[in-house]
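Colleague: Each chain, letter by letter, is given below.
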Amino acid sequence: MTTDRIARQQAPEPRPLAVTGKRGNIDAVIALNAAAERKGLRRQLSLAQARAMCPGLVVIEEDPAADARLLENVVDWCQRYTPLVARDAPDGILLDITGCAHLFGGEAALIEDLANRLCNFGFSVRTGIAGTIGAAWAMARYAETPCAVPGCERERLLPLPLSALRIDEETAAALRRVGFKCIGDIIDLPRAPLAARFGSGLLRQLDRALGHEHEPLMPRLPVAPYIVEQPFAEPIARVEDILQVTEQLAQRLSLMLERRGEGLRRIELTLFRTDGKVSRIETGTSRPIRAASDVRALFAECLAALADPLDPGFGFDLARLSVMVAEPCPPQQVALDADANDADLDRLIDRLSARLGARRATQLLAQDSHIPELVGINLPAQTLSADTDRGWTAFRRFHAMTELSPRPLRLLAKPEPIETIASVPDGPPLRFRWRRALHEVIAAEGPERIEGAWWSDDGRKSKENLARDYFRVEDKNGRRFWVYRAGLYRDTAAGAPPPAWFLHGMFA
Amino acid sequence: MEAAQLPRARPLDENPLHCCGSQGLIPAALHEVAAARESEIAAATGFMLPLVAWAAERRAVVWIAEDMAIAENGAPYGPGLDCFGLIPEQLTRIAVAHERDVFWAMEEALRCRAVGAVIGELRGTHGTGLIASRRLSLAAGHGGATAFLLRTSPTTEPLAATTRWIIGTAPSALQPHGLGSPRFAAQLTRNRRGNIGSWILEWSSARQRFDLAAADCQPMADADDNRPHRAATSA
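Residue numbers (my numbering), protein chains in the order written: chain Z, 1 to 508; chain G, 509 to 743.
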């Protein structure tokens, strides 16, 4: 695959090509193209040997990150066959096609279609189908014909070399040394001595290949509970067409969801481009929805907001809509005179979130904290439902009880340092300079002392945890600010730096 | 068209701007509120919020602001909103990166039936443009929500707003100790439905209403140091 990646970027030229990388202390050949293999080169050769055997060899340094990226892209592309696709690093892909093969005309037809398409993309492909991951892995790499009839994995594995068991090279070499050449040689041996001598890994791989031990497939992407898709005979490219198809797919989805009494919270639109590129657009909603028109509206915003517009290239030949998160959504009766206010607001929030990003539509929550910047926090509005307790009722009750001084209308994200002159060390400032403007303080109120989080680990040592004395001050124009002094003057005697002043908020 | 959309009458003495004129605040229209100076943005906000709360009644309020505006002016602070009649639960905040998104989001929000008032906070001094503001004004008229444009500094650009306000601070009445109720120097520079004028208003958070400030307050004109060009000409 590594050489395919490089060849795909260059002009097709059948020159011997080798990719090298450091293995231990030598530059070793780790991948070859067909032309180089014809010259007699093999993997594991040192670079010097390879150059000697084939003077015209083109040598390229390995790039594992690029290989991994490419593999991931191909894995994503393979999702058109089945949602259960896993990476088998460094150069393999595992597909669980259980229940999917008939959609493509049977297993053989599926594998032929897959191999053909990948070949067209410029990859050399070997394929194998079997009832277990281990057997399919062995078929793809070592067998003459790729298909195994379910149930005859054992017969097909017998003649294959031991490396086909996915065991490390050391164990394989040790087995060869005692005369075992193929899987058939060890398959019926007594297990205990085999495990004692070659480790339990060998037996486990054997069991997995034969299906005695279950081996889970770890799909690269989470599998969606609902998937609908639409292939196109003629690729589509226009945004309006994509939206139209999305709505049609959403209609099918909505029937499925309705039958199970669920609604979707997160949904993904996957577009497969004819040349293999896969685009994914994901969006969420603030309450479970089913209506196809809503889904279309959401994706209309998403497509409009894409930073790099969707590049259709030669068009998309498959569109898929997958519900990533579904939640129960019992059918509701709508009253004739219903205002449907909450639903309306949620729809607006969904649309704005789809266009601008889910974190950009927020609502205020009151937190149980005495530190001013922690009292009101912003949470994404989509995560809050209409009946979530925002905490303000409790906050208001607390506020009325304790008779705290008024709070500012606007709070700066980060308190800004100000230069102040105060008449007495612990008193309010007489004048201060903020953003290069001088403010004469006419009236002041305070201090209100807010202690830091003295119970936290770094206690008083950290700057953020100093006690703050807040003052409300009004300058001679009537502007009002919330300023505070961090730290106490009496600590200065103990060697602490003199307290600094900050402006934290503004009153009307 | 706007006349056909006249909302149902609400008692005039509940209107927050009752003391400023015969009509008070006109709902389902576009209003611009600009701070006289950048440092007085909190005053402009404080003047606007009672109007927002009144216009929204119990419906949702959507506050759309540019990132830059929030970074410079500070974010609306939940515990402080109550004093001006806006309940934090009502508020949904939208942060946008560009000015054009502010107008788009405002228009979307104005079309939503659940929304009672929409605030668009802009930092740029360049104008809104007649077309964008006309669209907002129409959307407000159709949807029944009231739109507010909150600006950091006043502009003279033409704007299809029903009213344009320039809000500055005014020194509060002297108290034996502490600060008095906030006062605003409110200037109505444009009004399509009535008279223009300027007032010194005092907000009483206990009574939740604006009153004309007592006559003994200080003069409305700015001190010279804040108007360098005037100071230069008079010198």
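Quick caveat, the hints were computed from the structure, so don't treat them as lab data.
Using N, Cα and C, we set each Cβ at its ideal position, and we do this for glycine too.
It is possible that part of the hints are untrue.
[As the list claims (entries may be wrong)] Quick look at which bits of chain Z chain G covers, simulated, 3 or more residues with Cβ under 8 Å:
(1) 112-123
(2) 204-214
(3) 373-387
(4) 404-418
(5) 470-479
Colleague: Each of the hints needs a verdict: does it hold here or not?
Modeller: Verification of the hints:
Three residues within the 8 Å Cβ limit are the bar, and the region 112-123 of chain Z against chain G gives 0, so the coverage statement is violated. Proximity of the region 204-214 of chain Z to chain G, defined as three or more residues with a beta carbon under 8 Å from a beta carbon of that chain, is not established by the 0 residues found. Under a criterion of three residues with beta carbons nearer than 8 Å to beta carbons of chain G, the stated coverage of the region 373-387 of chain Z is upheld, 4 such residues being counted. With 8 residues carrying a beta carbon less than 8 Å from a beta carbon of chain G, the region 404-418 of chain Z meets the three-residue requirement, and the given coverage holds.
Only when three residues or more bring their CB closer than 8 Å to a CB of chain G does the claim for the region 470-479 of chain Z stand; here the count is 6, and the claim holds.
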